[in-house]
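Modelling step: build the complete structure from the supplied sequences, incorporating the hints.
Add 37 to a position in the sequence shown, counting from 1, and you land on the number used in the working numbering.
Treat the hints as calculated values from the structure; they're not laboratory data. Be a bit skeptical, because a hint or two may be false.
Claimed, not checked - Derived lysine to aspartate or glutamate pairs resembling EDC-like cross-links, with alpha carbons at most 20 Å apart:
1) K123 - D88
2) K123 - D96
3) K123 - D141
4) K142 - D162
5) K123 - D150
6) K94 - D143
7) K153 - E99
8) K103 - D115
9) K94 - D130
10) K153 - D96
11) K123 - D140
12) K146 - E99
13) K146 - D96
14) K146 - E101
15) K82 - D96
16) K153 - D130
17) K123 - D143
18) K94 - E107
19) K146 - D106
20) K153 - E101
Claimed, not checked - DEER-style ranges, computed between Cβ atoms:
21) K82 - T158: 34 to 42 Å
22) G95 - Y139: 16 to 24 Å
23) E101 - Q131: 21 to 29 Å
Each residue gets a CB set at the ideal place from its N, CA and C atoms; glycine is no exception.
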Amino acid sequence: MAWTSLSFLLTQRAVFATPIRHARVLTRRHRREIDVSYERYPVIKQLPDYDFTILVKGDSMEPEIKSGDELACRVVTDASFIQWGKVHVLDTDQGIVVKRIYDDKDGLKCVSDNPKYLPFTVPKDQLRSVCLVVGLVRF
38 MAWTSLSFLL TQRAVFATPI RHARVLTRRH RREIDVSYER YPVIKQLPDY DFTILVKGDS
98 MEPEIKSGDE LACRVVTDAS FIQWGKVHVL DTDQGIVVKR IYDDKDGLKC VSDNPKYLPF
158 TVPKDQLRSV CLVVGLVRF
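Take a look at the structure:
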(Lines of atoms letter the chains of each structure in order from A; the text may use other names.)
(Lines give C-alpha, C1' and ligand atoms only; values in the text may rest on other atoms or scores of the structure.)
Protein backbone atom coordinates (compact mmCIF):
# COMPACT_ATOMS: atom_id res chain seq x y z
CA MET A 38 0.00 0.00 0.00
CA ALA A 39 1.36 3.42 -0.96
CA TRP A 40 0.63 6.73 0.77
CA THR A 41 0.51 10.23 -0.66
CA SER A 42 -1.42 13.47 -0.23
CA LEU A 43 -4.92 14.10 -1.55
CA SER A 44 -3.79 17.10 -3.59
CA PHE A 45 -1.20 14.92 -5.37
CA LEU A 46 -3.75 12.22 -6.12
CA LEU A 47 -6.23 14.70 -7.55
CA THR A 48 -3.71 15.50 -10.29
CA GLN A 49 -2.88 11.89 -11.17
CA ARG A 50 -5.68 10.90 -13.58
CA ALA A 51 -4.45 8.93 -16.58
CA VAL A 52 -6.28 7.77 -19.71
CA PHE A 53 -6.43 4.17 -18.51
CA ALA A 54 -6.50 5.41 -14.98
CA THR A 55 -7.87 3.82 -11.98
CA PRO A 56 -9.44 5.99 -9.35
CA ILE A 57 -8.43 6.39 -5.76
CA ARG A 58 -9.88 3.44 -3.89
CA HIS A 59 -9.90 4.47 -0.22
CA ALA A 60 -9.35 7.70 1.65
CA ARG A 61 -8.92 8.05 5.38
CA VAL A 62 -8.72 11.29 7.30
CA LEU A 63 -6.31 11.28 10.21
CA THR A 64 -7.11 12.75 13.63
CA ARG A 65 -7.22 16.50 14.16
CA ARG A 66 -3.62 16.64 15.35
CA HIS A 67 -2.62 15.84 11.75
CA ARG A 68 -4.60 18.73 10.22
CA ARG A 69 -1.89 19.83 7.81
CA GLU A 70 -1.39 16.44 6.15
CA ILE A 71 -4.24 14.25 4.97
CA ASP A 72 -3.02 10.80 4.05
CA VAL A 73 -4.83 8.75 1.48
CA SER A 74 -4.32 5.10 0.64
CA TYR A 75 -4.95 4.09 -2.91
CA GLU A 76 -5.11 0.98 -5.02
CA ARG A 77 -5.47 0.51 -8.76
CA TYR A 78 -8.89 -0.66 -9.90
CA PRO A 79 -10.65 -0.43 -13.25
CA VAL A 80 -12.66 2.71 -13.87
CA ILE A 81 -16.36 2.08 -13.21
CA LYS A 82 -17.78 2.75 -16.67
CA GLN A 83 -21.40 2.89 -15.49
CA LEU A 84 -20.69 6.09 -13.55
CA PRO A 85 -20.35 9.58 -15.07
CA ASP A 86 -16.79 10.83 -15.69
CA TYR A 87 -14.97 11.09 -12.34
CA ASP A 88 -11.49 11.78 -10.96
CA PHE A 89 -11.39 9.62 -7.85
CA THR A 90 -13.47 7.70 -5.34
CA ILE A 91 -13.60 8.12 -1.59
CA LEU A 92 -14.93 5.80 1.10
CA VAL A 93 -17.56 7.30 3.42
CA LYS A 94 -17.26 6.97 7.20
CA GLY A 95 -20.08 8.30 9.37
CA ASP A 96 -23.83 8.91 9.28
CA SER A 97 -24.10 12.67 8.65
CA MET A 98 -25.39 12.21 5.10
CA GLU A 99 -27.88 9.41 5.80
CA PRO A 100 -30.30 8.31 4.51
CA GLU A 101 -28.99 9.05 0.97
CA ILE A 102 -25.31 8.30 1.66
CA LYS A 103 -24.37 5.62 4.18
CA SER A 104 -21.14 4.76 5.98
CA GLY A 105 -19.25 2.32 3.74
CA ASP A 106 -20.52 3.80 0.47
CA GLU A 107 -17.91 4.72 -2.11
CA LEU A 108 -18.42 8.11 -3.75
CA ALA A 109 -17.22 8.90 -7.27
CA CYS A 110 -16.04 12.52 -7.34
CA ARG A 111 -15.10 15.08 -9.99
CA VAL A 112 -12.79 17.95 -9.06
CA VAL A 113 -14.40 21.38 -9.54
CA THR A 114 -11.81 23.56 -11.26
CA ASP A 115 -13.97 26.66 -11.73
CA ALA A 116 -16.13 28.12 -8.95
CA SER A 117 -18.82 29.06 -11.49
CA PHE A 118 -19.43 25.32 -12.00
CA ILE A 119 -20.30 24.61 -8.36
CA GLN A 120 -23.77 23.03 -8.23
CA TRP A 121 -25.39 24.59 -5.16
CA GLY A 122 -27.46 22.15 -3.12
CA LYS A 123 -25.67 19.08 -4.51
CA VAL A 124 -23.40 16.82 -2.46
CA HIS A 125 -19.71 17.75 -2.59
CA VAL A 126 -16.49 16.53 -0.99
CA LEU A 127 -14.52 19.42 0.51
CA ASP A 128 -10.86 19.22 1.46
CA THR A 129 -10.53 21.82 4.23
CA ASP A 130 -7.97 22.89 6.82
CA GLN A 131 -10.02 20.83 9.31
CA GLY A 132 -10.14 17.70 7.15
CA ILE A 133 -12.33 16.16 4.47
CA VAL A 134 -16.11 16.59 4.69
CA VAL A 135 -19.01 15.31 2.57
CA LYS A 136 -21.93 17.76 2.59
CA ARG A 137 -24.49 19.60 0.50
CA ILE A 138 -23.07 23.05 -0.09
CA TYR A 139 -24.68 26.46 -0.50
CA ASP A 140 -23.24 29.90 -1.18
CA ASP A 141 -22.69 31.94 1.96
CA LYS A 142 -21.17 35.42 2.16
CA ASP A 143 -18.56 34.10 4.62
CA GLY A 144 -17.71 30.90 2.71
CA LEU A 145 -19.52 27.67 1.88
CA LYS A 146 -22.49 26.62 4.00
CA CYS A 147 -22.27 22.87 4.63
CA VAL A 148 -25.50 20.98 5.33
CA SER A 149 -25.89 17.34 6.34
CA ASP A 150 -28.83 15.24 5.14
CA ASN A 151 -29.12 13.77 8.65
CA PRO A 152 -31.11 16.33 10.72
CA LYS A 153 -29.19 15.56 13.93
CA TYR A 154 -26.18 17.46 12.51
CA LEU A 155 -26.28 21.26 12.38
CA PRO A 156 -25.12 23.24 9.32
CA PHE A 157 -21.78 25.05 9.48
CA THR A 158 -19.79 27.39 7.26
CA VAL A 159 -16.30 26.74 5.93
CA PRO A 160 -14.45 30.01 5.18
CA LYS A 161 -13.23 30.17 1.57
CA ASP A 162 -9.63 30.66 2.70
CA GLN A 163 -9.79 27.27 4.46
CA LEU A 164 -10.78 25.35 1.31
CA ARG A 165 -8.12 23.30 -0.46
CA SER A 166 -10.40 21.69 -3.04
CA VAL A 167 -14.07 21.26 -3.92
CA CYS A 168 -15.26 18.08 -5.64
CA LEU A 169 -18.73 17.22 -6.91
CA VAL A 170 -20.11 13.78 -6.05
CA VAL A 171 -21.21 12.30 -9.40
CA GLY A 172 -21.98 8.73 -8.37
CA LEU A 173 -22.17 6.23 -5.56
CA VAL A 174 -21.31 2.55 -5.18
CA ARG A 175 -22.85 0.60 -2.31
CA PHE A 176 -21.59 -2.87 -1.45
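Going through the hints against the structure:
1. K123 - D88: Satisfied, since the Cα-Cα distance of roughly 17 Å is no more than 20 Å.
2. K123 - D96: holds (17 Å)
3. K123 - D141: holds (15 Å)
4. K142 - D162: holds (12 Å)
5. K123 - D150: Holds, at roughly 11 Å.
6. K94 - D143: Violated, at about 27 Å.
7. K153 - E99: holds (10 Å)
8. K103 - D115: violated (28 Å)
9. K94 - D130: It holds: about 18 Å lies between the C-alpha atoms, which stays within 20 Å.
10. K153 - D96: Given pair K153, D96 holds - Cα atoms ~10 Å apart, limit 20 Å.
11. K123 - D140: holds (12 Å)
12. K146 - E99: holds (18 Å)
13. K146 - D96: holds (19 Å)
14. K146 - E101: Holds: K146 and E101 sit about 19 Å apart, inside 20 Å.
15. K82 - D96: violated (27 Å)
16. K153 - D130: Status violated; Cα separation ~24 Å.
17. K123 - D143: Status holds; Cα separation ~19 Å.
18. K94 - E107: Satisfied, since the Cα-Cα distance of roughly 10 Å is no more than 20 Å.
19. K146 - D106: Not satisfied, since the Cα-Cα distance of roughly 23 Å exceeds 20 Å.
20. K153 - E101: holds (14 Å)
21. K82 - T158: 34 to 42 Å: holds (37 Å)
22. G95 - Y139: 16 to 24 Å: holds (20 Å)
23. E101 - Q131: 21 to 29 Å: Hint holds: Cβ distance 23 Å, inside 21 to 29 Å.
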